[in-house]
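J.: So you can see what is in the structure, the chains are spelled out below.
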Amino acid sequence: MKRLALAAALVLLAALPFWAGGSFYINIASQILLYAIFALGLNVLVGYGGLVSLGHAGLFGIAAYSAARLLAAGHGHLAAIAGALTLALLAAALFAALALRGTGIGFVMITLAIGQIVWGVAYRWISITNGDNGITVGSRPQLFGLSLAAPARFYWATLLVFLVALASMQMLVASPFGASLRGTRDQPRRMAALGYHVWMIRFLAFLFSGFWSGIAGLLFLYYNQFVSPQAVALTASAEVLLMVISGGSGTLLGPVVGAGLVVVVKNVASAYIERWNFVLGAIFVAIVIFMPEGLVPGVVGLWRRATARTPSRDLVGVVEPGKEAGR
Amino acid sequence: MSLWLVLAVNSITFGGLLFLLAAGFSLIFGLMRIPNLTHGSFFMLGGYLAASLIEWGLGFWPAAVLSGLLVAAFGGVIERLILRRLAGAELAQVLVTLGLSFMVADVCLKIWTGDPVRIDTPAGLRGATAVGGLVFPTYRLAISLVAVAFAVALWALLDRTRLGAMIRAGVDDPEMARVAGIRVSHLFTIVFCLGAWLAGFAGVIGGPILSVYPGLDQEMLPLALVVVILGGTGSLVGSLAGGFVVGFLYNFGQAMFPQLAYVVLFLPMLLVLVVRPQGLFGRPAV
Amino acid sequence: MTALAVNRLSKSFGGLLVTASVNLVVEPGERRLIIGPNGAGKTTLFNLITGELRPDRGTVTLFGRDITRTPGWHRVHLGISRTYQIITLFPHDTLVRNVTLSLLGRSRLRWNPVARLDGQAALVGRARAALARVGLEHLADRPLVQTSYGERRRVEIAMALAQEPRVLLLDEPFAGLSLEERRDVLQLVAGIPRDVTIVMIEHDMDVALDFAERITVLHFGQVVVEGTRGEVVAHPRTREIYLGE
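Chains A, B and C, in that order, give the protein sequences. Here the first sequence stands for residues 1 to 327, numbered as in the working numbering. Here the second sequence stands for residues 1 to 286, numbered as in the working numbering. Here the third sequence stands for residues 1 to 245, numbered as in the working numbering.
Don't read these hints as lab results, they were simulated from the structure. Bear in mind that the values here come from a model prediction, so they are computed numbers and not experimental data. Heads up, some of the hints might be wrong.
[Claimed, not checked] To list a few chain C residues with every Cβ distance to chain A over 12 Å, as calculated:
1. T2
2. G15
3. A160
4. D184
5. Q222
6. Y242
[As the list claims (entries may be wrong)] Derived Cβ-Cβ restraints for the label pairs, each shown as a range:
7. R84/B / S178/C: 37 to 43 Å
8. L78/C / G104/A: 25 to 31 Å
9. L78/C / S270/A: 56 to 62 Å
Positions of the beta carbon are idealized from the N, C-alpha and C atoms, including for glycine.
Based on the provided sequences and hints, a complete structural model is requested.
T.: Right, dumping it as structure tokens:
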């Protein structure tokens, strides 16, 4: 049953450019997919690692800006992408080493501070980032010799990357490392007592998360063919976190649903409301207070109760990952 | 007056403002374990409110105090209606304050529009004053004195009064404090309002120097964070020391390497995190 | 060579001296019981031995190797396993998954990000065997949250034993158990082979005394009485400490 649904979804997604109804909607779909990759990457830390980052747009942006600069300096797309990902990984290593000096809320605050510093650099270091004016990118790369300029082509390329990302996440989650990571989220003290190197597990998870955030940043760059400090602002980090928690952080599907939700609402809202920020903030507050576990677990819970065969699992709440039992 | 002296004075002034902002943040975090991400918004809101109050005829200092009170009241409402519902869920509280900061920023944009709002230097403090053969802008001197005065007042509050003792007990050990009969939830509201008042007041007195504009909240918040990370949470001395360190770094950084101002800020934070993660004056985690 | 040796171990919290220059020597295969009133510093001593806490002074030695500076997770790989006073395992996972995690902790496999954990037949097989050794194989696929406290305690011990420790530290293993459950656990512990050295903290004297060969009595962080079971039980200070409470 599940396989059938999956296959159907795959066919629908692949055929999207034909049934979506125009470039505008195909582009929205591309956006949803690239943000889904970003959200999935963040979710490795938040949902599976129990570490909330409010500075992840920093990694997203470092990849985008690096590629933009490398392209502006005359390098080809392959070199730009490779260079950008390398820099994003190095940055992730540095951020992780600093952020892991704090635990719980300390981690959140340090990632916030780091994220804001990246924004400050993007905004002020004009000789590198061109400040508020941003950097424009002339062209999109070619995939297998085919141009990605058209919306449908770019969508398919993004879909391909998304599927690879999803598969890698699925693999990680089901793997021993994934189980280790989840263990450190739930019982870090016990995990250490069982022989796990909790810091290293978290550090590696951060790198993995940073890698996919970087990939998403590159897709973002090529989608817009432009990057500006807006991409690394606090609102950007907040948006991707909202995608994770609105969809539900304990699952793989949650961040994808969340990405769809936030992108659609953002695009719809900006047609009717002048400022998106108020809506973003209000949704944040509403979800945190009224639906902390997110949409996907909420809906799944409803479905389970409706078709009750087994007692419903107490799904891991998103807003208190890592809270030790008995505290 | 030489450039360095001007920068130094500006740094002390800015440091004083940062102290007021960070002290409130640090108190709230130290006692309630909530990193209040609405704190930058309180700062900005205070400035905007005062600007309007002054426009309607109120004097500078009354406006400053009243704005502070309005912001404090707003803070109190947030604390009682929202944060208290999420008691114990630290992460939820952080995210809620973040969401609220976006909402406040947008409302301010709606009401006061996108142009920077000027607050004029209060009449009695314009111009310059000569101190020991050197000439300083009077207002900046005044802010520095105000900051020091508040530092002393806060210290006295924490060290000498019953309220202060309760706050310190709550910071050290909330469970014990409850057992000892301290109304911890009342204390939370008081401290949150106090922190909000300090932020709003700082926003007003900073107004003649910084102006008030959209994005001010997003600029001040990370500075407050860095001050607290550097100085250590829950420590008044830490906020003071951290405030001045950041004030100097930011101003000198901006003057000497304008493009790298944020990088200059980053480096000491990095150093502190590596060498002494609890901050210069914070307590080491067990 | 001694199995576990602690020399002049001290730890303070704030101004409070919780562990006061403790000396402890445990021989291989020994069954050592550490007792003392609440607040005597027993669990802190365990935390110092396992590495969860760093001592202010003193050393910890495992089979002749100084592990004072060794990180806690690494000490597990050198042969120390422990259980906790309050059972904190993974409630939503099955028993077999809980034990599998424990086995994984000692295996290089734990770093593998691609293989399927559920597909590791050898590992899962060993987990089931470990559960069988404590008589819980019939509950292997049940979520931990659906088992009794006594059963969870046995799972925890199974997890510790599955790691094939050389030194096993049991922190109040009988706490919260019914009389019958205590007998089960005692039988379990008594059946552990002699290649595992066992140090147990207990507050409840009845069951624990049966287990002990040598007893160390802690009071206010210091060792006040030490010797064989007979010696300690007869010692006047022991009675003073326990009856004077």
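J.: Each of the hints needs a verdict: does it hold here or not?
T.: Tested hints:
1. No beta-carbon of chain A comes within 12 Å of the beta-carbon of T2/C; the shortest separation is about 22 Å.
2. Against chain A, the non-interface label of G15/C holds: every CB pair exceeds 12 Å, the least being about 25 Å.
3. With a minimum CB-CB distance of about 9 Å to chain A, A160/C fails to clear the 12 Å threshold, and the non-interface call is violated.
4. Look at D184/C: its CB is around 23 Å from the nearest CB on chain A, clear of 12 Å, so calling it non-interface holds up.
5. Residue placement check: Q222/C keeps its beta carbon more than 12 Å from all beta carbons of chain A (closest about 26 Å).
6. The non-interface label for Y242/C is consistent with chain A: the shortest C-beta to C-beta separation is roughly 28 Å, beyond 12 Å.
7. Checked against the given bound of 37 to 43 Å, the beta carbons of R84/B and S178/C, roughly 40 Å apart, stay inside it.
8. In this structure the hint that L78/C and G104/A lie 25 to 31 Å apart at CB holds, the actual value being about 29 Å.
9. Checked against the hint of 56 to 62 Å, the pair L78/C and S270/A passes, with Cβ atoms roughly 59 Å apart.
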